[in-house]
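Participant: Work the whole structure out from these sequences, hints included.
So you can see what is in the structure, the chains are spelled out below.
Protein chains: 2
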Amino acid sequence: MAVYTQVTAEEINEFIASYDVGEVVSFKGIAEGSENTNYYLQTTQASFILTLFEARVNPDDLPFYMGLMDHLNHKDIVCATPVRDRSGRNLTTLCGRPAALITFLQGMAINKPQPDHCRQLGGELARMHLAAADFGMSRENDLSVSGWEKLVADCEDGADRCAPGLCGTLRQELSFLKANWPDDLPRGIIHADLFPDNVFFLEGKLSGLIDYYFACTDFLAYDIAVCMNSWCFEADGSFNVTKSTQLLKGYNEVRQLDERELAALPTLCRGAALRFLLTRLYDWLNRVEGAMVQVKDPTEYLTKLKFHQGVKNASAYGLDI
Amino acid sequence: MAVYTQVTAEEINEFIASYDVGEVVSFKGIAEGSENTNYYLQTTQASFILTLFEARVNPDDLPFYMGLMDHLNHKDIVCATPVRDRSGRNLTTLCGRPAALITFLQGMAINKPQPDHCRQLGGELARMHLAAADFGMSRENDLSVSGWEKLVADCEDGADRCAPGLCGTLRQELSFLKANWPDDLPRGIIHADLFPDNVFFLEGKLSGLIDYYFACTDFLAYDIAVCMNSWCFEADGSFNVTKSTQLLKGYNEVRQLDERELAALPTLCRGAALRFLLTRLYDWLNRVEGAMVQVKDPTEYLTKLKFHQGVKNASAYGLDI
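Residue numbers (our numbering), protein chains in the order written: chain A, 39 to 359; chain B, 39 to 359.
Certain hints may be false.
Identical copies look the same in the list; a pair holds intra-copy or inter-copy alike.
Claimed, not checked - Each computed DSSO-like pair below joins lysine-lysine, with the alpha-carbon atoms no more than 30 Å apart: (1) K287 / K188; (2) K113 / K287; (3) K287 / K243; (4) K188 / K113; (5) K334 / K150; (6) K334 / K66; (7) K150 / K216; (8) K188 / K216.
These are computed hints drawn from the structure, not numbers from a lab.
Facilitator: If you want it as structure tokens, here you go:
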């Protein structure tokens, strides 16, 4: 939510000259994306987002992200897509940072998704999974079980400062997930961070997905588990089974979930809850006073984790499909 | 440089329904303006800036600012202008804050202004002064001599923490300015904060002025003094007399400065330097750890003040007009 790198008018004019997109007419830093610097850029031809990738992004992963967005776009999945410069590169450098000029996606993120939004989300997620099936690259999910193990080790000393007893909860949950994490589910490219901020709607219709910078290769159903956590809980921490039912229905209409995936859903949801609990806890414990970043509340995901711990089987998610 | 108030998609859709500007297609918080929250807003008809006025702005002053922008726009001074809603109001409420929908001004602020930019700035500033002459409202400059006196009192205890000896410098300068501040110069509406961030250029031509939220009634030549401080010093603190000459020439071509104004220029420049030194010092002394605001360096304006203290007469500003 911040502009980490200031780009001057002189720098942006020089940068844009290497693209065939017209002249810059407006250029404003925007408060979007928690990891990167983003600018809204308007030229005489069109609008764009200029993204500068900051230190937390591994530059080696960028060709995967760019290639994926490009691939999905060619498969008619509406998403922001990197534009190629005159020499054909979709990833260049600006102010010493990797930079990409991305097409501007109309629409707005919805703060309080309704069941119909969840249904549309499910359908688009499934379409994305199918469209990515023949994408030629892969990227390991460094925020799956072994990543959680590292994060638990990094956070266990401070965890109880965040919530009493949290350290024990983390250790027990990690141990449960290590013993029970599935290994035989359908795999493919997943978005892995499809929070409501990353899904745009226009006049009530889903208009596109953004922010593919956690995309990786993992169980397809894990992507549903991430969405279940971020779309189907109310602000008071209660689980909205109508929303999860619609999410699963929307998905299933496009790509049928198999029995193993359904059976694994409660475990996948616990994993997804732990993943966001751990990264938020890490950021909370390592927050820098004065940094222009809002630290999100880790305990929101502790509440969600506890809900999933109580789930006996996937029918608790309203599954009737 | 921050989004202080988060407006949801639901709230902006409801807000925009009271204007005749089409449907919202995009809405993004932008890092512009240090006092207010600004959003870039694109509708099916046009682009806008949505401004939410935060606590530091006195709501009683808003009709003056809105009226001024409206007045200037009707006089062909290109500036962002408030749009009226269906019931004719150019100032409404959103998320409990005064809010205005402002036309979107094309162009970009220039980081390193060149002499030609300064000349264009001077001309536009003079045109703005002339165009505002028949604006019916007025607003006292609360950041002139009596305002500085208050700020010196608020800051003197902490000043030396910022720069050794600063407290004494502030007291002496205030006492000099109280004794020497002019009282008989041509008055009118001034912008009072016309830093390079607030002036847009498009393909090298000045395309408009923004951020009228310090505008007030004061000596017209004081506006030049503010620009002299913010446009004519180099990053190393040196004064660029070529730029100041062009600024004054550009102004004088449109509105001839009289002898009293020229004679007062060194004093006005000292006043303008003290004004920004004091507000920056106040913000520096009262900075909140963790606040998402970048505190600007007060000593930049101490260097500028010292330069003007050494100026004997306006010819030091390259005045040959």
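Participant: Which earlier hints turn out false for this structure, listed by number in ascending order?
Facilitator: 1, 4, 7
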